[in-house]
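Novice: Listed here are the chains, written in short residue letters.
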Amino acid sequence: MTATVALDPHRNVPGVRKPAFPDTLHAEWIKFWSVRSTFWSTAMLFVLGAGLTTLVCALAAKDIASGAAGESPLSFVTWGMMFAQITAIVLGTLAVTTEYGTGMIRATLAAVPRRGSVLAAKALVLTGTLFVAGTVTAFAGYFGGNVFLDNHGVGVALADDGVLRSMLGSGLYLAGLGLFAAAVGLLLRHTAAALSAVLALVFVVGNMAFLLPGSWGEWTAKLMPGNAGSGVATPLSFNPGLLGPWTGFAVFSGEVAALLAVAYVVFRRRDA
Amino acid sequence: MIVARDLTKIYGTKAAVDGISFTVEPGRVTGFLGPNGAGKSTTMRMILGLDRPTAGSVTVNGHRYADSSAPLREVGALLEARALHPGRSARDHLRWLAVSNRIPAARVDEVLGLVGLEEVAGKRVGKFSLGMGQRLGIAVALLGDPPVVVLDEPVNGLDPEGIRWVRNLARRLAAEGRTVFVSSHLMSEMALTADHLVVIGRGTVLADCSMPDFIAGHASSYVRVRSPQRGEVADLLRRQGLDVDVSDEELRVQGLDAAAIGELVGKSGLYLHELTLVRSSLEDAFMTLTASSVEYHAQEAGIAR
Numbered sequence: 001m002t003a004t005v006a007l008d009p010h011r012n013v014p015g016v017r018k019p020a021f022p023d024t025l026h027a028e029w030i031k032f033w034s035v036r037s038t039f040w041s042t043a044m045l046f047v048l049g050a051g052l053t054t055l056v057c058a059l060a061a062k063d064i065a066s067g068a069a070g071e072s073p074l075s076f077v078t079w080g081m082m083f084a085q086i087t088a089i090v091l092g093t094l095a096v097t098t099e100y101g102t103g104m105i106r107a108t109l110a111a112v113p114r115r116g117s118v119l120a121a122k123a124l125v126l127t128g129t130l131f132v133a134g135t136v137t138a139f140a141g142y143f144g145g146n147v148f149l150d151n152h153g154v155g156v157a158l159a160d161d162g163v164l165r166s167m168l169g170s171g172l173y174l175a176g177l178g179l180f181a182a183a184v185g186l187l188l189r190h191t192a193a194a195l196s197a198v199l200a201l202v203f204v205v206g207n208m209a210f211l212l213p214g215s216w217g218e219w220t221a222k223l224m225p226g227n228a229g230s231g232v233a234t235p236l237s238f239n240p241g242l243l244g245p246w247t248g249f250a251v252f253s254g255e256v257a258a259l260l261a262v263a264y265v266v267f268r269r270r271d272a
Numbered sequence: 001m002i003v004a005r006d007l008t009k010i011y012g013t014k015a016a017v018d019g020i021s022f023t024v025e026p027g028r029v030t031g032f033l034g035p036n037g038a039g040k041s042t043t044m045r046m047i048l049g050l051d052r053p054t055a056g057s058v059t060v061n062g063h064r065y066a067d068s069s070a071p072l073r074e075v076g077a078l079l080e081a082r083a084l085h086p087g088r089s090a091r092d093h094l095r096w097l098a099v100s101n102r103i104p105a106a107r108v109d110e111v112l113g114l115v116g117l118e119e120v121a122g123k124r125v126g127k128f129s130l131g132m133g134q135r136l137g138i139a140v141a142l143l144g145d146p147p148v149v150v151l152d153e154p155v156n157g158l159d160p161e162g163i164r165w166v167r168n169l170a171r172r173l174a175a176e177g178r179t180v181f182v183s184s185h186l187m188s189e190m191a192l193t194a195d196h197l198v199v200i201g202r203g204t205v206l207a208d209c210s211m212p213d214f215i216a217g218h219a220s221s222y223v224r225v226r227s228p229q230r231g232e233v234a235d236l237l238r239r240q241g242l243d244v245d246v247s248d249e250e251l252r253v254q255g256l257d258a259a260a261i262g263e264l265v266g267k268s269g270l271y272l273h274e275l276t277l278v279r280s281s282l283e284d285a286f287m288t289l290t291a292s293s294v295e296y297h298a299q300e301a302g303i304a305r
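Keeping their order, the protein sequence lines are chains X and W. Quick note on numbering: our numbering labels position 15 of the first sequence as 15, and the sequence is numbered without any gaps. Quick note on numbering: our numbering labels position 13 of the second sequence as 13, and the sequence is numbered without any gaps.
Just chain X, same shape as in the assembly (with noise of 0.2 Å):
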């Protein structure tokens, strides 16, 4: 038999310190953006978040103006973010399900075992991502749309009511969509599956929720995660029966921070 290695952990890296968080960090970023899909669910989010903004307010703006549409200007310049929440959807949970689908989850929990750092720098990563693409894409929006309100002389300005606060609320929300993706991805571990849930949770679920009679339907309705979330990312919804811009978004918030907390638990105890 003969001598056995040295053990010390650092000694192919002279004088460095040990990984910390922001070396998982590093490696989830780098995970993230070397996959194909991110760059197109992005693509996507700012194609359809700031494309269907400048369709609709070019479309609608003659409307608009002669009063025939009986909305505000106001409910058009995030229109387009409606369908943004598709793309922070998807992104959310592919970012936790093809570890699952492809086994991948194996390498990640070998490279690092501590799985609270894996989840924190995952949410980390996607949330900031959804953040900006989020609060870009809704600028990008306002300005194409804004041109065609203008000529109509219905423009807003982003000092208006609302206006800056739904540019950042949606970054906001988007991120928050995306995170509680990622966290029924999790629980989940199956895209198909997490996608459909979420999908049908916010989209479908959500709306229907309006339907239920009485005032605990009402409320029901108010609290559904897409209808609770959604009133910061606009600068005046089309729906009148929602809680207001900030408070919907706390509530939001104390709902993604609870399924995540719950994804959470069952990440560390379960096997990988």
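Certain hints may be false.
[Unchecked claim] Partial list, computed: chain X residues near chain W (C-beta under 10 Å):
| id | residue |
| --- | --- |
| 1 | 26 |
| 2 | 106 |
| 3 | 111 |
[Claimed, not checked] Below 20 Å or equal to it, Euclidean Cα-Cα: the simulated SDA-like pairs (lysine to any residue) are:
| id | chain 1 | residue 1 | chain 2 | residue 2 |
| --- | --- | --- | --- | --- |
| 4 | W | 127 | W | 89 |
| 5 | W | 127 | X | 101 |
| 6 | W | 267 | W | 231 |
| 7 | W | 123 | X | 30 |
| 8 | W | 123 | X | 104 |
| 9 | X | 18 | W | 89 |
| 10 | W | 127 | X | 35 |
| 11 | X | 18 | W | 105 |
| 12 | X | 18 | W | 12 |
| 13 | X | 18 | X | 120 |
| 14 | X | 222 | X | 259 |
[What the hints assert, rightly or not] Derived Cβ-Cβ restraints for the label pairs, each shown as a range:
| id | chain 1 | residue 1 | chain 2 | residue 2 | range |
| --- | --- | --- | --- | --- | --- |
| 15 | W | 52 | X | 20 | 21 to 29 Å |
| 16 | X | 265 | W | 116 | 40 to 48 Å |
| 17 | W | 52 | X | 83 | 23 to 31 Å |
| 18 | W | 164 | X | 192 | 38 to 46 Å |
| 19 | X | 101 | W | 116 | 24 to 32 Å |
| 20 | W | 52 | X | 223 | 33 to 41 Å |
| 21 | W | 284 | X | 192 | 23 to 31 Å |
| 22 | X | 254 | W | 52 | 24 to 32 Å |
| 23 | W | 69 | X | 101 | 28 to 36 Å |
| 24 | X | 39 | W | 213 | 54 to 62 Å |
| 25 | X | 160 | W | 52 | 54 to 62 Å |
| 26 | W | 52 | X | 71 | 49 to 57 Å |
| 27 | W | 175 | X | 39 | 42 to 50 Å |
| 28 | W | 113 | X | 20 | 28 to 36 Å |
These are calculated hints, taken from the structure and not from any lab test. Predicted model, so just to flag it, every value in this text is computed and none were measured. C-beta atoms are modelled at their ideal positions from N, C-alpha and C, and glycine is treated no differently.
With chain X held as given, fit chain W onto it using these hints.
Specialist: Positioned in the frame of chain X, the structure of chain W alone reads:
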């Protein structure tokens, strides 16, 4: 060094690993052998802290894997070759792993060269053949230049040249003083690679011994002797200090070759009807040892009615 003590994993009511204990020493290749479904991969996953043991413990270098601050620099593992995102390039896959454990970036190209993938490093791994995926998995295992290397079925999908390459690599790593733990369901492969064997079946350890001991104990050859005077022949041979087993029709004699036995019997004037050297291979020995523990037996001749 890897130490497992009463390691147990129960899924539902079924024990995949049932209280196994073994030690994997540095400086030699330890083969982890067992039929499919014997609990090899489950054990491997528990070593890496991916699955939580139901009872018992397993440590690497004296502590739990999950307690390591830079695990890839302590233990390199090939788990499943396909634990990869098909859309990511080989270099990107190694790059994020290196970053996560503060392994110098230069090491990425080094291991790509080591496994012979430098020319396809920028290609997406979904386009890789099974053998290329396996080579990438080995590159991952070697990334942190670890003193402990764990390889789960490393030769799966490799061509003969690749198989020889893995065999030599395992032997070289052990010669450098590393702890090398290699699982396989092929006895023939292990016979050429391993110095020490841990054989498991249905979640329990069936054998834990050196390769020469395993061969001596399980793959012995004997001389088959048939004679109408079976009893006299047996007595004669026993008097010479030979090991004689009497079964229905034949004697199984160990300790002397066929020619010498023939001469001995001939001298005493007894009749012989058959004198044959019977060799049982290591593969046979492994099959015999694990026969009762194989999960799913193939039906011999189609569907029995």
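Novice: Now, for every hint given, state plainly whether the structure supports it.
Specialist: Here is how each hint holds up against the structure:
Checking residue 26 of chain X against chain W by beta carbon gives a least distance of about 5 Å; that is within 10 Å, so the hint holds. Checking residue 106 of chain X against chain W: minimum C-beta separation of about 5 Å stays under 10 Å; hint holds. Using the Cβ-Cβ criterion of 10 Å, the hint placing residue 111 of chain X at the interface with chain W is satisfied: the shortest such distance is roughly 4 Å. Straight-line distance between C-alpha atoms of residue 127 of chain W and residue 89 of chain W comes to about 10 Å, which keeps the hinted pair within the 20 Å bound.
The hinted pair formed by residue 127 of chain W and residue 101 of chain X meets the criterion: a straight-line CA distance of about 17 Å does not exceed 20 Å. The straight-line distance between the Cα atoms of residue 267 of chain W and residue 231 of chain W is roughly 16 Å, inside the 20 Å bound, and the hint therefore holds. Of the pairs offered as hints, the one joining residue 123 of chain W and residue 30 of chain X holds, with about 16 Å between alpha carbons and a cut-off of 20 Å not exceeded. The straight-line distance between the Cα atoms of residue 123 of chain W and residue 104 of chain X is roughly 18 Å, inside the 20 Å bound, and the hint therefore holds.
Taking the CA atoms of residue 18 of chain X and residue 89 of chain W, the gap is about 27 Å. The hint is violated against a cut of 20 Å. At most 20 Å may separate the alpha-carbon atoms for a hinted pair to count; residue 127 of chain W and residue 35 of chain X meet this at roughly 14 Å. A C-alpha spacing of about 16 Å is found between residue 18 of chain X and residue 105 of chain W, which places the hinted pair at or below 20 Å, so the restraint holds. Annotation: proposed proximity of residue 18 of chain X to residue 12 of chain W is violated, straight-line Cα distance about 39 Å (limit 20 Å).
Of the pairs offered as hints, the one joining residue 18 of chain X and residue 120 of chain X holds, with about 19 Å between alpha carbons and a cut-off of 20 Å not exceeded. For the hint pairing residue 222 of chain X with residue 259 of chain X, the CA-to-CA distance comes to about 18 Å; that is within 20 Å, so the pair holds. Judged by the Cβ atoms, the range 21 to 29 Å given for residue 52 of chain W and residue 20 of chain X holds: they are separated by roughly 25 Å. At about 44 Å, the beta-carbon gap between residue 265 of chain X and residue 116 of chain W stays in the expected band of 40 to 48 Å.
The hinted window of 23 to 31 Å between residue 52 of chain W and residue 83 of chain X is violated, with their beta carbons roughly 42 Å apart. About 42 Å separates the C-beta atoms of residue 164 of chain W and residue 192 of chain X, a value consistent with the hinted range of 38 to 46 Å. Distance hint check for residue 101 of chain X and residue 116 of chain W: the Cβ-Cβ separation is about 28 Å, which falls inside the suggested range of 24 to 32 Å. Taken as a hint, the range 33 to 41 Å holds for the pair residue 52 of chain W and residue 223 of chain X, whose Cβ atoms sit roughly 36 Å apart.
Here the CB-CB span from residue 284 of chain W to residue 192 of chain X is close to 47 Å, at odds with the stated 23 to 31 Å. The hinted range of 24 to 32 Å is satisfied by residue 254 of chain X and residue 52 of chain W, whose Cβ atoms lie roughly 31 Å apart. Taking 28 to 36 Å as the suggested C-beta distance range, the pair residue 69 of chain W and residue 101 of chain X conforms, at roughly 29 Å. Remark: the range hint 54 to 62 Å for residue 39 of chain X to residue 213 of chain W is upheld by a beta-carbon distance near 57 Å.
The hinted window of 54 to 62 Å between residue 160 of chain X and residue 52 of chain W holds, with their beta carbons roughly 56 Å apart. Between residue 52 of chain W and residue 71 of chain X the beta carbon distance is about 56 Å. The supplied range of 49 to 57 Å therefore holds. In this structure, residue 175 of chain W and residue 39 of chain X meet the distance hint of 42 to 50 Å, their C-beta atoms being roughly 45 Å apart. Between residue 113 of chain W and residue 20 of chain X the Cβ separation comes to about 29 Å, which falls inside the hinted range of 28 to 36 Å.
Violated hints, in rising order: 9, 12, 17 and 21; the structure is consistent with all others.
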